[in-house]
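**Student:** Sequence:
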Amino acid sequence: MADPEKIGKYIIQSVLGKGAMGVVYKAFDPHIERVVAIKTVRKDLVDPDLAVQVMARFQNEAKAAGRLLHPNIVSVYEYGEDEVNAFIAMEYVEGTGLREYLNRKASFDLGQIVAIVSQLLLALDFAHERGVVHRDVKPANLIMTSGGALKVADFGIARIDTSNLTNAGMVMGTPSYMSPEQCQGKEVDRRSDLFSAGVVLYELLTSVKPFSGSIESIAFKICYEDARPPSEISKLPVSPALDAIVAAALAKDPIVRFQNAKAFNRALRLALDPEINIKRETQDATEINLTAVKLQAQATPVWDDTTLHTIERQLANFVGPMARVMVKKAAAKSRDTAELYSLLSDSITRSRFCRRGDLQARGLSGADRESRRAQSRAGGRESTGFRPARRRSPRSAGARRVPARVRLRRIRVSKFYHDGSRELQDRFDTRRLADRIEQRLIGTRIGDEDKAFIESLDMFFLATSDADNQPSCSYKGGEPGFVRVVDPGTIAFPTYDGNGMFLSMGNLAQNRRVGMLFIDFLRPKRLRISGEATIHLDDPLLPAYPEAQFVVRVAVTQVFPNCPRYVHKYALVERSSFVPLAGCATPVPNWKRSDWAKDVLPENDPARK
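Okay, so the sequence shown: first residue is 363 according to this note's numbering, each after it adds one.
Honestly, the hints are just simulated from the structure, not real lab data.
None of the values given here were measured: they were computed from a predicted structure.
Note that beta-carbon positions come from the ideal geometry of N, C-alpha and C, so glycine has one too.
Just to be clear, a hint being listed does not mean it is correct.
As the list claims (entries may be wrong) - No more than 25 Å apart at the CA atoms, straight line, and that leaves these computed lysine-lysine pairs for DSS-like:
no.: 1; residue 1: K597; residue 2: K467
no.: 2; residue 1: K467; residue 2: K691
no.: 3; residue 1: K838; residue 2: K887
no.: 4; residue 1: K813; residue 2: K931
no.: 5; residue 1: K614; residue 2: K583
no.: 6; residue 1: K690; residue 2: K380
no.: 7; residue 1: K838; residue 2: K813
no.: 8; residue 1: K887; residue 2: K813
no.: 9; residue 1: K597; residue 2: K583
no.: 10; residue 1: K548; residue 2: K813
no.: 11; residue 1: K954; residue 2: K838
no.: 12; residue 1: K583; residue 2: K548
no.: 13; residue 1: K368; residue 2: K380
no.: 14; residue 1: K614; residue 2: K624
no.: 15; residue 1: K467; residue 2: K695
Claimed, not checked - Simulated restraints, written as ranges between beta carbons of each label pair:
no.: 16; residue 1: I373; residue 2: Q787; range: 47 to 53 Å
no.: 17; residue 1: I595; residue 2: V618; range: 20 to 26 Å
no.: 18; residue 1: M863; residue 2: R885; range: 30 to 36 Å
no.: 19; residue 1: Y837; residue 2: L963; range: 21 to 27 Å
no.: 20; residue 1: F940; residue 2: L899; range: 19 to 25 Å
no.: 21; residue 1: S601; residue 2: E456; range: 45 to 51 Å
no.: 22; residue 1: Q787; residue 2: P908; range: 44 to 50 Å
no.: 23; residue 1: L670; residue 2: L431; range: 34 to 40 Å
no.: 24; residue 1: E800; residue 2: G379; range: 31 to 37 Å
no.: 25; residue 1: P949; residue 2: L795; range: 45 to 51 Å
no.: 26; residue 1: V618; residue 2: W958; range: 45 to 51 Å
Model the full structure from these sequences, guided by the hints.
**Tutor:** This is the structure in structure tokens:
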């Protein structure tokens, strides 16, 4: 499709960039004679399943940014629609994205880094005070002007206090820069943006992201692993104060982070210069001289590993193991994702490595492809994930050829599956079923029914691993109700370690991640729970458990009602007499009376009597 001459009242001058669903133009407003940027979404390119959400978020961007008039935020002037496009007219910024600086290994000094992040925090503070949470803070959405000012753009998935567009349970954002609560689909507030700002600060200090890998592994690391202190890997003289600021910004628990952008900004600037006048939190106090920043020549495009990994995995459904090679070659020739998708879609049906059965099943070969085209023209939705190229009419023969476009499936950040699971799901064609199970069954809170089930049981299996990731599984038993659901997000249970080895408990002291499997062999029924465990030597519940050494509390991250079809039915024959009961003497196990054990028993062990 040829570029329009006008959109609304705006006269199109040039193309600034292209994406999978639209184009950004440089345009001129003839009424007030100013240059603007026009961001468009072509309605016919939006997946019908997502059309309502996509258009709503596009409007949300205009609504969110339109209420924020600040020198560090890209201003929005107008939202409009016509038959082809929805568009936003916004401030045209002469500058370069911070992502481009990072891709070209820009050499920022500490003062420049603090100035960049300080301006970001000024913008976020302004937005947060007006009830807007950005939710997608990352270098690609930060523009550096030639004058040294930073501009925050793209409020497309922003959360407005009065909006129900982005609810808890919806995972949105860019994986490497998302907060733990975003990865887990929980409700977010301003502190989520501050975590993302902390990731940007980390990358500026070290030239690497604190969390990297596949989408699933990034989400896991963000939630459960701590990044190395910047001072350990940065070439800059990062002080302990800066390390502490980064650690606070990247804290897993929002309560431990900076509670607002103003506090983050103040701490950052004081770390750079303890004598600074922190009341001068104004634009001119933080602008930097970008002419002094050295950039490496960029011979080839620089791609984010997460993006390429995702495309490889999706393309593998069609071409098998050659996906990695094809994506690598196409990425070297592409300037953006839209061009990359086009190159891949051009080559996929020509590849001799492409599995013909897959192509036929997806309607990408022969007569079936023509049938799909007809269905698409009739208004039917293609299920292939790929849209064939349109035939040119004689009138458009001289126009630029529009190659076939890849319509990749919606990218979801799974907080339940990892790469190993995904590879097997793809091999046995169960990914869609697995995603549906995750969507329908996996939760992060314990409901009333599950609470009653857990507290009715007298045993469970506990999975732990040590500091070297050596796994272990133990059986934990007690009287019914010995495991308590303290609240929907917390489980507590006592530790009776009669042999003194503390294997599983020692494991979780080193590695807090645990798995719990609850089974009722009579119904049958089973429930899996994952979480982070902590040992409490003086827990208020401890007096309720005779002879317990301490109480373990598990902060729940996943609740999975596992199918019990393979659980055999068993009836309880006899309860263990070794389970401690109030007012009853607990028998001494025979092995403690063995000669090899007597001399090493604790002084207060009943077996010594």
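**Student:** Decide, hint by hint, whether the structure agrees.
**Tutor:** Hint by hint, here is what the structure shows:
no. : hint                    : verdict
1   : K597 x K467             : holds (12 Å)
2   : K467 x K691             : holds (23 Å)
3   : K838 x K887             : holds (17 Å)
4   : K813 x K931             : holds (22 Å)
5   : K614 x K583             : holds (10 Å)
6   : K690 x K380             : holds (21 Å)
7   : K838 x K813             : holds (18 Å)
8   : K887 x K813             : holds (13 Å)
9   : K597 x K583             : holds (24 Å)
10  : K548 x K813             : holds (21 Å)
11  : K954 x K838             : holds (20 Å)
12  : K583 x K548             : holds (17 Å)
13  : K368 x K380             : holds (17 Å)
14  : K614 x K624             : holds (20 Å)
15  : K467 x K695             : holds (20 Å)
16  : I373 x Q787: 47 to 53 Å : holds (50 Å)
17  : I595 x V618: 20 to 26 Å : holds (23 Å)
18  : M863 x R885: 30 to 36 Å : holds (33 Å)
19  : Y837 x L963: 21 to 27 Å : holds (23 Å)
20  : F940 x L899: 19 to 25 Å : holds (23 Å)
21  : S601 x E456: 45 to 51 Å : violated (34 Å)
22  : Q787 x P908: 44 to 50 Å : holds (47 Å)
23  : L670 x L431: 34 to 40 Å : holds (38 Å)
24  : E800 x G379: 31 to 37 Å : holds (34 Å)
25  : P949 x L795: 45 to 51 Å : holds (49 Å)
26  : V618 x W958: 45 to 51 Å : holds (47 Å)
Violated hint for the displayed structure: number 21, the only one.
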